[in-house]
Amino acid sequence: MLKKIFRYRRSGVPGLVFLVCLSIAFAPSLTAQTAGMGALTGRVIDASGNAVANTTVTATSVDNGQVRSATTATDGSYSFDGLSGGNYRLKFEASGFKTLEIPSAIVNGTETAVLDEKLDAGEPITAKPTPVSQGNLPNAPSSSTKAPSLQDLGFPAEQSQGNAREQALLDRRTHMLKIHQRMGLITTIPLIATVATSLSAGGKNTSTASRDLHTALGGVTGDLYFITAYYAIRAPRVPGTETRGPIRFHKAMAWIHGPGMIMTPILGIMAFDEKSKGEKVHGIASAHGPVAIVTAGAFGAALLSVSVKF
Amino acid sequence: MKKNVLMAFALLALHTLAIADSQWVLEQCTLAYHVSHPLHQTDGVSHAARGKGACHAGECDFLIAVPVKSFDSGDSNRDLHMLQVTRGAEFPMVVVRTHLPESAATSATINADLEIQFAGQTAQYKQIAFKLVTQSGETHITGTIPATLSDFKIDPPSLLTMRVKNEIPVRVDMTWHPQ
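If you read the protein sequences in the order shown, they are chains A and B.
Residues 1 to 310 (my numbering) are what the first sequence spells out, left to right.
Residues 311 to 489 (my numbering) are what the second sequence spells out, left to right.
Hints listed in this document are in silico derivations from the structure and should not be mistaken for laboratory results.
Bear in mind the structure is a predicted one, so any value in this text is a computation, not a measurement.
All C-beta atoms, glycine included, are put in the ideal place defined by N, C-alpha and C.
One or more hints might be untrue.
Said to hold, decoys possible - In silico DSS-like pairs for lysine-lysine, Cα to Cα no more than 30 Å straight-line:
(1) B/Lys441 x A/Lys178
(2) A/Lys178 x A/Lys251
(3) A/Lys178 x B/Lys475
(4) B/Lys379 x B/Lys441
(5) A/Lys251 x B/Lys379
Said to hold, decoys possible - Pair by pair, the computed Cβ-Cβ distance ranges are:
(6) B/Asp483 x A/Asp223: 49 to 55 Å
(7) A/Thr71 x B/His344: 32 to 38 Å
(8) A/Ala164 x B/Ser446: 42 to 48 Å
(9) B/Glu337 x A/Arg237: 35 to 41 Å
(10) A/Ser286 x B/Asn476: 51 to 57 Å
(11) A/Ala53 x B/Gln489: 41 to 47 Å
(12) A/Lys178 x B/Gln434: 31 to 37 Å
(13) B/Asp465 x A/Thr208: 46 to 52 Å
(14) A/Val220 x B/Lys436: 54 to 60 Å
Given these sequences and hints, build the entire structure.
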């Protein structure tokens with residue numbers, strides 16, 4: 001940009017040409033003072049390479065409007081210390097010379113840049129300033145008709161146009177899966193209690209009361225479980241979505257805890273009957289405990305797979 | 311006299327070159343948002359952004375757009391929830407606009423004001439710092455946009471009754487090519 005500004009100057013009247021060489025040594029000069037603070041130094045010379053003393057250099061922050069000014073020394077150098085990081089507009093004014101404006105110079109505490117330029121000046125060296133007509137955003141998006149539009153980027157219509165029906169589908173899906181999630185968490189409570197009471201329900205010295213409690217908790221767990229499952233099964237599918245990530249494991253676990261939640265109470269009823277008759281639990285009913293443990297384990301794994309990142 | 315006329319034409323040509331229109335094209339782009347939850351740290355990445363810059367008289371307008379659907383966190387279920395919560399089906403594109411002086415391309419850093427349209431809302435971010443590295447005619451830009459859910463009026467989703475953090479910084483890694 002600066003080069004362009006400087007080239008622009010060459011189009012002026014040759015007889016009035018004078019050369020201003022502006023050396024803005026950003027990097028060596030942008031020394032961090034404190035975190036977020038910087039410095040700006042440079043040197044102003046004329047066409048012959050001689051230093052231009054007493055040039056007024058004004059730095060205006062385009063971020064907050066803060067104005068700082070300095071005057072060049074006999075060697076043409078100037079310096080700003082303790083500038084807050086950001087974008088600055090610089091103006092150079094010297095008697096007998098045309099005014100030079102630099103619309104944008106970045107100052108920060110870590111980065112450096114060196115700009116050594118020579119230019120012929122035949123008319124005011126005024127670069128087009130950063131647009132200021134866009135509210136409080138100094139380089140905010142313009143409303144220029146030249147600005148590229150979304151159509152220029154070539155996205156297919158199905159990708160760039162909104163679809164209210166798909167959004168409604170997603171909303172319904174999320175609504176149902178939120179209920180699924182909450183019900184799953186609620187189900188965990190009676191599930192743990194059922195497993196805990198199994199210790200006193202299946203041993204040799206068990207009471208009818210403890211078996212009844214275990215059975216009741218198992219029943220509540222089963223009911224809540226099937227309500228939980230309903231919301232997952234009935235949640236609408238989103239076409240064209242490939243299942244990836246932990247949700248695959250979560251769904252795979254359902255093939256274990258789903259049948260397990262059907263088998264466990266059936267086997268439990270058989271075991272309960274045998275126990276109530278004073279018999280030792282035997283045959284297929286003896287699988288009640290192991291099936292219940294595997295089912296509870298698969299349920300817990302499914303819950304953790306979507307809750308905690310492994 | 312002839313010499314003076316020729317010189318005048320030459321200077322005029324230089325002037326014209328100096329303010330000539332030019333364009334930039336986004337060649338490669340990686341955008342990644344980060345969501346923080348007490349039990350999860352998630353990054354959703356997209357490589358599907360497209361962008362263009364149009365420069366006129368030393369001022370450039372840039373436009374970058376990316377489909378919301380293109381962000382991949384590695385979990386299809388989470389991505390669908392993200393799509394729902396950000397109303398990504400209704401407002402399928404994230405659109406970023408900025409306006410910079412052409413001279414910014416020669417800087418080591420730029421501080422850009424961004425206008426971001428997302429989830430049916432428009433948010434403006436002032437003076438976002440980006441690092442620039444120009445090599446072989448291409449400009450590589452990196453930075454982080456300090457976006458938040460509340461900027462776009464998005465209700466923070468929750469998992470196990472715990473909400474995600476409001477901050478969703480977006481890392482930007484772009485390569486621009488002049489046309």
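Against the structure, test the hints numbered earlier, and report the numbers of the ones violated in rising order. Hints 1 and 7 contradicted; others consistent.
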